[in-house]
Amino acid sequence: MDQLKLKNKTLAVNLTGIKLKNPVMNASGAFGLSYGRLIDLKKLGAIVTKTVTLESRDGNPLPRIIETPAGMLNSIGLQNPGIEKFLSDDLVKYQKIGIPIFVSVAGKTLNEYIEITKKVSEADIAAIELNVSCPNVKAGGLAFGADLKVLDKVVSNCRKVAKKPLIVKLTPNVQDIGVFAKTAENAGADIISLVNTFLAMSIDINKKIPVFANTFAGLSGPAIKPIALRMVYQVARSVSIPIIGLGGIRTAEDAIEFLLAGADAIAVGTSNFIDPNSMIKIIAGIKKYLENYKD
Amino acid sequence: MKQLDSKIISNKSLSADFFELVLKIPGIKPKPGQFVELRLTDGLEPFLNRPFSVAWSKDSRIGIWYQIRGKGTSWLKQQKSGKKINFIGPLGNSFPKLPADSIYIVGGCGTGPIHFLSTVQKPALLLIGGHDTKHIYQRQAFKKLGIRTLVSTDDGSLGYKGLVTDLLSQELSKKPYKAVAACGPERMMSAVAKIAESQKINCYLSFEAYMACGLGACFGCAVKTKTGHKRVCHDGPVFKSTEIEWTS
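Residue numbers (my numbering), protein chains in the order written: chain H, 1 to 295; chain V, 1 to 248.
Extracted from the complex, chain V is given alone in its bound form (with noise of 0.2 Å):
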């Protein structure tokens, strides 16, 4: 872990609302699952520094993929080669190691731990669930790395028409999988979760909070497990879904 400002390699959008970030980070080794903070201004708006998820990691790089949703991602995409951003991490904990006959399932813009993930152990099927076309990101990406993909959209204009839990539940039923890796809306992680434990797979979530200190100090980035509350940003992000209590 260091804290350091680090350069900007690249700043470019990869489609209309989502930007890859790439940052020469060196000596730093993110494992897929973990996340880093950036200060996003030169002053004090926006206060806290923002978490964000290593999407990829070569050499002294790293890539993180975002959206656009406030005064700080703003300033972000702003930001040209050469600038130095404040950098803290790589924090939190990895992915354990999956099994081969694994499925990874990516819901909305929770793209960037599962592409990691994918880069360093390969999925024997990955979902990719969106509300249309315009919302399922990065499958180049993934096709890139050879991995079989399926689609839906919540309105059927690519891919399966329905949700990707729904999706899931379908592959699961063709063939035995062995274990179940998610990044998504909470809601979308907790029904994952539902269907991977009612067939007895284990299943692995990355999750997202808000944070302020990042480094486990504050305990203000929270989520209810069934021995209390646990830091995401210090126990997580990754969380086996057993673990979990879910909230609604």
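The shape of chain H in the complex, shown without the other chains (with noise of 0.2 Å):
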């Protein structure tokens, strides 16, 4: 068999003219601005915000997470204070950091998506990432990223009105990941991340009823790990453009098996709950693995 090969020999990457020293970053939602307080924020690739929506979200009722082996459920509804307020409070300490800060944005409709990406364009933010895993309330509540016409033109539009790179984070929870990889290509992405959470359950056997109030909640964390790395993988047969890859990575080991699969970078989720210097210690792993690496 033919051996992979790491797209980048260095720690600095370039995601479509975005310079980032390292490959490293948080996946969004599953980090924020208070693990400053244990890392020094300035040492990572780039930050992902948590998806922001144009009307504030109060977020699904409790409970919004359990725990499974490796791994854990959630259900936390996009709970965020909106485009204006994340624009006008929120926005700026992210920028104090002084790394490239991606921006994910999401909508109910297809409106919502361009109205979103229109506004965000205008701050000063590294590159905007699409969180196409939202359920379209127009369709029934598949979500936008699992219809390959739909996610054509969520992606299409948003491209015509973004002035910043565009990235579209692929929910995986589809039949041909690959496919969907390159409609997104196709309609104007720049950068492709994947994945998000997997679409699954838990049931309550002794109320008898989903633990879940939406039936339906995302996994995440190391259980998902060989699932995410086949898919990325697959992206990277089917695209061309730089891929962000995640999905239950904890440690260097795990984002060296992503940046072999074809990942440009990684990002890190879950698995910042259960250490927060998860990140830190992936960027020491990936640089000590370069010294040593020849193709």
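No lab work stands behind these hints: they were computed from the structure.
Mixed in with the good hints there might be a few duds.
[Claimed, not checked] Some chain V residues near chain H, calculated using beta-carbon distances under 7 Å:
#1 Cys213
#2 Gly216
#3 His229
Note that the structure is predicted; figures quoted are calculated from it, not measured.
Even glycine gets a Cβ: it sits at the ideal position worked out from N, Cα and C.
Using the supplied hints, reconstruct the complex from the two chains, each of which is provided in its own coordinate frame.
Structure below.
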């Protein structure tokens, strides 16, 4: 079998013109500025904000999280202060750090995606990440990113109004992730990021009802890593634009698997909860691996 | 706030189902109401860290009182002095300064936060409620602080027979108190809130919640308030009772 190769032999990476000093960032929704009290945020390659929507959202009722073997289920419901408050109060705190900021956005309708992309484009940020795992309320709740035609529409329309590089974060809850990645690329995505959480559920056997009010929730954590890795491998062979790979990454070894699978950069989500220093350790581990890397 | 591998100074049982873990945490000074996150495994099970209230803090040590609930606490019970446990803290907000004429209420295993608060601000009166004698915890610890304490048990096996909230109503009718602080099951805290608010007394409650990050990032540990969901780990765990939107 032919050996896999790293796309980048240096710690510093260039994602379609965005320069990162290393390929490590956090996953949207699994990190916050409060981590700055425990780690030096400036050391990260980039920071991805929690998904922002046009209007403020209060999120789902409890319970919102439960633990699973080597992972967790979440149904937070995109609780966020809304784009206006984000731009006026929160963004400046991110900008002060001095590293590239990727702002994650979402909407309930196509128009909301377009509108929020327009608004965020005016801000001094490095890129916009489209969270297309949100249910399309006009299409019976199927995620925008789970329908090829809808995905194409969202990406191409947002591409027209985005004045910043566009990252499309794919939902893994599809049959052929490569086809979805290709569709996003053709529609104008500059970067593909994957995976978002896997659709899953839990049942309370005493109350005899699903644990989550919305029935389904998203699975994340080390348990999903082998599947996420497989998907990154497939997407790397479907598109030629840069890829940010994520899904259960906990250690530098995990991260390197994703880089060898074809990712240009990686993101860490759930593992930040169990060890806030995860990303710092991963950066050090990748650096060490590169020192001995030959191809 | 720090993340470090803290050393276990001691880990003993105080009664059949109540334990005290003493950790060495140099340079960390928690305040009453705050909590810490502990990693209760050398591996991946249980996966998430667990939040624990601080029951007392002295020099570079803190005391954590815990019960056995599942895999994490069962593992914790086995750990011996000298073992290092990954620790993140102190986390959350703390109780505000309360007037001397305050009543503190503890229900079930909500003793930790109220005990820590008592070491810093003694109440005029402490009420401890539980199902029966076995479920009244740490009376001696509060006695050591010289606090006037009344106990209530549902079955009357110790102290007043009935709910601690009935005891609260009774005591409030005897003399005016200026504030109330409570920690215990949610239905107890909801009843305490109602009683305190009806008498226009400020009431502070210490909540608990299932947590993932413990740092305010994931929004998993929300509690419903009159101004939307707030994070127990970041906006709490201490909330003014009038903020809360009770779900039942």
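So, going through the hints one by one against the coordinates:
Because the smallest distance between the Cβ of cysteine 213(V) and any Cβ of chain H comes to about 5 Å, under 7 Å, the interface hint for this residue holds. Look at glycine 216(V): its Cβ gets to within about 5 Å of chain H, closer than 7 Å, so that hint holds up. Because the beta carbon of histidine 229(V) sits about 5 Å from the nearest beta carbon in chain H, less than 7 Å, this interface hint is met.
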